[in-house]
Amino acid sequence: MSSSNPIEKKRGTRLRSFFRIMRAHPGLLAGFIIISILMVISLAVFISGLFGGRITPYDPIQLFVGPRQAPPSWSHLFGTDTLGRDLFSEVISAMPTDMGVSVAVVAVAVAVGSSIGAFAAYFGGMFDEALMRVTDVFFALPVLVLAIVISVILGPGIVNMMIVLMIVWWPTYARLARGETLKIIHQNFIEAARLGGLGRVRIVFRHVFPNMIYILLVYATLDVGTIVLVYAGLSYLGLAVTPPHVDWGQMVNLYQDDLLSAPWLPLFPGLTIAVSVVGFSLLGDGLRDALEVS
Amino acid sequence: MVELLSVKGFTVTYKTQWGNVRALDEVSLSIEKNTLVCVVGESGCGKSTVALSIIGLLPQGASVANGGEINYKGVNLSSLDENRRREYRGTEIAMIFQEPLTSLNPVYRVGDQIAEAILIRVAREKGKGAELQTEVMKNAYDSRSIRRPSRLRIRSTMPPELKAEVVQALKLVRMPDPEQVPERYPFELSGGMRQRIMIAMALAEKPALLIADEPTTALDVTTQAQVLKLMRGLISEVDASILLITHDLAVASQVADRVIVMYAGDIVEDASALDLFGEPLHPYTQGLLACIPSGFKDESQLKPIPGRLPDNRNPPQGCKFVTRCPFAMEICHKKRPKLLEPRPNHRVECFLYGE
Amino acid sequence: MASEEQDVLRVEDLRKYFVIGGGLNPFSKKEKFLRAVDGVSIRVPARKTTAIVGESGSGKTTLARAVTLLDAPTGGRIFFLGKEIRKTAKPKELYRNMQMVFQDPDSSLDPRSKVKDSIAEPLHGLVGGDRKGIYKNVLKSLEEVGLPEEYADRYPTSLSGGEKQRVAIARAIATYPKLVILDEPTSALDASVQAQILKLLLDLQTQYSLSYMFITHNIAVATYFSDTIAVMYAGNVVEYGQTRSVMTKPRHPYTVALVSSAPLPNPKVRNLLNVEIVGEVPSAIDPPSGCKFHPRCPYAEKICSETSPPLEEIAPGHFVACHFVEKTA
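Protein sequence lines, in the order shown, are assigned to chains A, B and C.
For the first sequence, the residue numbers in the numbering used here are 1 to 294.
For the second sequence, the residue numbers in the numbering used here are 295 to 649.
For the third sequence, the residue numbers in the numbering used here are 650 to 978.
Heads up, some of the hints might be wrong.
Derived DSS-like pairs (lysine-lysine); straight-line CA-CA distance at most 27 Å [unchecked claim]:
1. C/LYS785 to B/LYS591
2. B/LYS591 to C/LYS898
3. B/LYS327 to C/LYS898
4. C/LYS697 to C/LYS732
5. C/LYS736 to C/LYS763
6. A/LYS183 to C/LYS681
7. C/LYS736 to B/LYS597
8. B/LYS591 to C/LYS741
9. C/LYS741 to C/LYS785
10. A/LYS183 to C/LYS741
11. C/LYS848 to C/LYS763
12. C/LYS827 to C/LYS781
13. C/LYS741 to B/LYS597
14. B/LYS591 to C/LYS732
15. B/LYS309 to B/LYS591
16. C/LYS763 to B/LYS591
17. C/LYS917 to B/LYS597
18. A/LYS183 to C/LYS789
19. C/LYS697 to C/LYS763
20. B/LYS597 to C/LYS697
Over 12 Å on every C-beta distance to chain A, these chain C residues come out as not near it, computed from the model [what the hints assert, rightly or not]:
21. MET747
22. ASP753
23. LEU772
24. LEU788
25. LYS789
26. VAL927
Covered stretches of chain B (chain C as the covering partner; in silico rule of three or more C-beta atoms under 8 Å from a C-beta of chain C) [stated by the list, open to error]:
27. 516–522
28. 545–552
29. 587–593
Because the hints were derived from the structure by calculation, they are not lab data.
From the three backbone atoms N, C-alpha and C, an ideal C-beta is built for every residue, glycine too.
Construct all of the structure, not just a fragment, from the sequences and the given hints.
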């Protein structure tokens, strides 16, 4: 038996309910803050780069801006490496790369995967069967092996690694969307839409996708964190960026031998990776609780 | 008539995201021995909360206000701590729910589940009640527990005396094929049969009070008739009382000795079945009776009650029914009516009958 | 009984079978059928209400869905407004005149669409027209079902069950169809809300000359609300006729049991306690031979397990499918 729940959202109270949700879910707030900071910095670095300027205290690739292998200090927040490069500037300048790759990969995987999954579930039949088998194959592919193979064939590089990750990741969303679609299409409002003269394709866009959006958002947010880690792994193996460009995974590789002599060098890039992963996890989990998605 | 259980001035509030909901508002009622009492009301009236309060299974967000009492055999159950409360749950007071499929454990045969109930009773009679109950009762009644139930499965066959008692329990609930049914799993049985199993399990404890929360709502009408007929007959056979929660006044009229009508957390009328249907005093009861379709549409008129149920988070100042009542007076907007007894053994909460 | 041209819907020997797999062997030829609707022939007279009454497994909901072609029928013919629709119907034309209200108010409306968009959907899809005109029609529909204008911009989650059903009804009558199929529209609602919705439906029927096909398991509601009634058991119609006639003097043994199982709100007449129905609804995959009710029937004889009785007219307009109908006279 249903009962009424008259919660109205007038325009002014949207902001108020936003703050109410944030206060009720501290994890969500923490994640939101962390990721906002990272995103803002990434955007700032990217835009300043377009105009030829920079926002970092020092030029990240310039050598000898400070003493060699200096530990963290007020002038060099993360310290310097053996060639005198400022670590903080290096880490910050890599942010748009790591963030951008992760978000782009997940965005494409979600868009492509969920579309395929939703249509397969709704139209069913051979199409659906074929999809299930194809995703089975893709699930069996190990990321690292595939990455290495692609890098041998096509050469290393950020774009190639992004392609690898997209190929490996879209089936997850196809499966997820398929499962959600199957739940949604048994609801009566889908049949009411058919009785309203809507064609099946329009029903998928008009009724299926809007009802999936929350759960896709939650999973995608969590996945961005995962991709940050996986991409860091690939770039650690040297398959992604090429010098003089840097990103965090490659930095860890570069500085791992200095672990005992200058521990701040591998530590800070690694810590930054960890913080972003945790940030996305908090944000994703917080969204899941706040949106009451299962 | 001997009183078995009474509820006095019981108030329950649920904390929800949208505010505090007053589910029960100073509710008082009394159940006598060997009677079938029906609590009737629509959604949000608090009838399920009454049942859960008596058996002590209120959900986590619920808080009970001070001063409320649930008196059973001289003990105030609501003042007991959980351990002592557990001694009554399932043993003196048993409960069955609306959806039998989720009440029965799907991975155990039904015969085992009934046997489990019997073993608990045996252990209690021998005085070993408390320890065995802690484990087994938790699994029978607390869905949050994940510990495995007792040692039943170590033996692959049941000892013959136990099997005989299980069959006896099934015969009590008029189960067809009582010798074969214990081997079945719940999913193999129909809704009506599963509900009978639940009743059998509840009765295996030989409780003094059986609470049934909408036990037939999910069943077909012919199955419902069979189960209700069974419950009515059981009262004399097993020396128990039944508290039946339902939203269906017609069902209440067919099986109840006494009917209690609830509205938005209050008891509005409390009378014997004959008195309530013969002379409904509260305007809500009258309205509810006028809502039940009877006869053909060209002969009678359905008179729906206008308006909506009140918001339990912000209850109105006066009588909760005032916005929908055709007899509303000035005082009804200002003060809450008290439970009066304008006719012998027929209680109403309404200013029409005094103050 | 109304003549055939006055029937808005006529169904002949309608069948809907679902294929149940043949076990673990993917190459098995042994397919089993779930005979949800097993040869149903009924008529829905124009501007009147025909109730389809039955318990679980009777096939009443499947019948409703087969009539709307949401689930393609396996066999039989459907005549809507005089035309056979199974082969020749185009959805857009059909649904302009045939609409449906579903049982569960929570799943009837898209939680991500506003009320006005849900109601406008069939207007956009079946009738067309400009946004302003359609919006005006939406507001008119809201008024007709007794909801205030402000509800147009609300989302279904903030509505009560009764209000959601009103929106579903508004959506169903938006194109002023000739036939509205109501699949247990009030079963999930409280008694007082049910009465409001039933009254609304009756008012709308008079106002717009609607025909209703009303599916329910509630005998009292069916008796009150309908003009003709069809009782279904395990995929077949066992009794059919004017509601007054069938409910005052039911003749099929199942109908007799069904009617006597329905609780009357009268403690002085405890009919429920005298009901002697036994057994359960049979399996739809492996139904009993002959008359499907014979294992539970107190009057069953040999012929009942051999041949399925056809529907016969035992009184003007009153049809019963029973070999021994004289036993319930």
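We went through each hint and held it up to the structure:
Of the pairs offered as hints, the one joining C/LYS785 and B/LYS591 is violated, with about 33 Å between alpha carbons and a cut-off of 27 Å exceeded. Straight-line distance between C-alpha atoms of B/LYS591 and C/LYS898 comes to about 17 Å, which keeps the hinted pair within the 27 Å bound. Note on B/LYS327 and C/LYS898: the hinted pairing is violated, with a Cα-Cα distance of about 40 Å set against a maximum of 27 Å. Distance check on the hinted pair: C/LYS697 and C/LYS732 sit about 19 Å apart at the alpha-carbon level, within 27 Å; holds.
Our distance criterion of 27 Å between C-alpha atoms is broken by C/LYS736 and C/LYS763, whose separation comes to about 35 Å. For the given pair, A/LYS183 sits about 26 Å from C/LYS681 by alpha-carbon distance, which is consistent with the 27 Å threshold. A distance of roughly 44 Å separates the Cα atoms of C/LYS736 and B/LYS597; the hinted pair therefore is violated under the 27 Å criterion. For a cut-off of 27 Å, the pair hint linking B/LYS591 to C/LYS741 is broken: about 34 Å separates their Cα positions.
Only pairs whose Cα atoms come within 27 Å are accepted, and C/LYS741 paired with C/LYS785 is accepted, the gap being roughly 22 Å. At most 27 Å may separate the alpha-carbon atoms for a hinted pair to count; A/LYS183 and C/LYS741 meet this at roughly 26 Å. Among the hinted pairs, C/LYS848 with C/LYS763 is consistent with the structure: their alpha-carbon atoms are about 26 Å apart, no more than 27 Å. The suggested pairing of C/LYS827 with C/LYS781 holds, with an alpha-carbon distance near 25 Å, which does not exceed 27 Å.
Distance check on the hinted pair: C/LYS741 and B/LYS597 sit about 38 Å apart at the alpha-carbon level, beyond 27 Å; violated. About 31 Å separates the Cα atoms of B/LYS591 and C/LYS732, which puts this hinted pair outside 27 Å; it is violated. Our distance criterion of 27 Å between C-alpha atoms is broken by B/LYS309 and B/LYS591, whose separation comes to about 44 Å. Restraint check for C/LYS763 and B/LYS591: not satisfied, since their Cα atoms lie roughly 35 Å apart, outside the 27 Å limit.
The suggested pairing of C/LYS917 with B/LYS597 holds, with an alpha-carbon distance near 23 Å, which does not exceed 27 Å. At most 27 Å may separate the alpha-carbon atoms for a hinted pair to count; A/LYS183 and C/LYS789 exceed this at roughly 33 Å. Distance check on the hinted pair: C/LYS697 and C/LYS763 sit about 32 Å apart at the alpha-carbon level, beyond 27 Å; violated. About 21 Å separates the Cα atoms of B/LYS597 and C/LYS697, which keeps this hinted pair within 27 Å; it holds.
Interface exclusion of C/MET747 from chain A breaks down, the closest Cβ pair being 8 Å apart, not more than 12 Å. The beta carbon of C/ASP753 sits about 6 Å from the closest Cβ of chain A, which is not more than 12 Å, so the claim that it is off the interface is violated. In this structure C/LEU772 is not separated from chain A by more than 12 Å, as the shortest Cβ-Cβ distance comes to only about 8 Å. Under the 12 Å C-beta cut-off, the non-interface status given to C/LEU788 relative to chain A holds; the minimum distance is some 18 Å.
At roughly 17 Å, the least C-beta separation between C/LYS789 and chain A is larger than 12 Å, which holds for a residue marked as non-interface. For C/VAL927, the requirement that its beta carbon stay farther than 12 Å from each beta carbon of chain A is met, with the minimum near 32 Å. For the stretch 516–522 of chain B, the assignment as covered by chain C holds, since 6 residues bring a beta-carbon within under 8 Å of that chain's beta-carbons and 3 suffice. Under the rule that three or more residues need a Cβ within less than 8 Å of chain C, the assignment of the stretch 545–552 of chain B holds, with 5 such residues.
With 5 residues having a Cβ less than 8 Å from any Cβ of chain C, the stretch 587–593 of chain B passes the three-residue criterion, so the hint holds.
Hint violations for this structure: numbers 1, 3, 5, 7, 8, 13, 14, 15, 16, 18, 19, 21, 22 and 23, all remaining hints satisfied.
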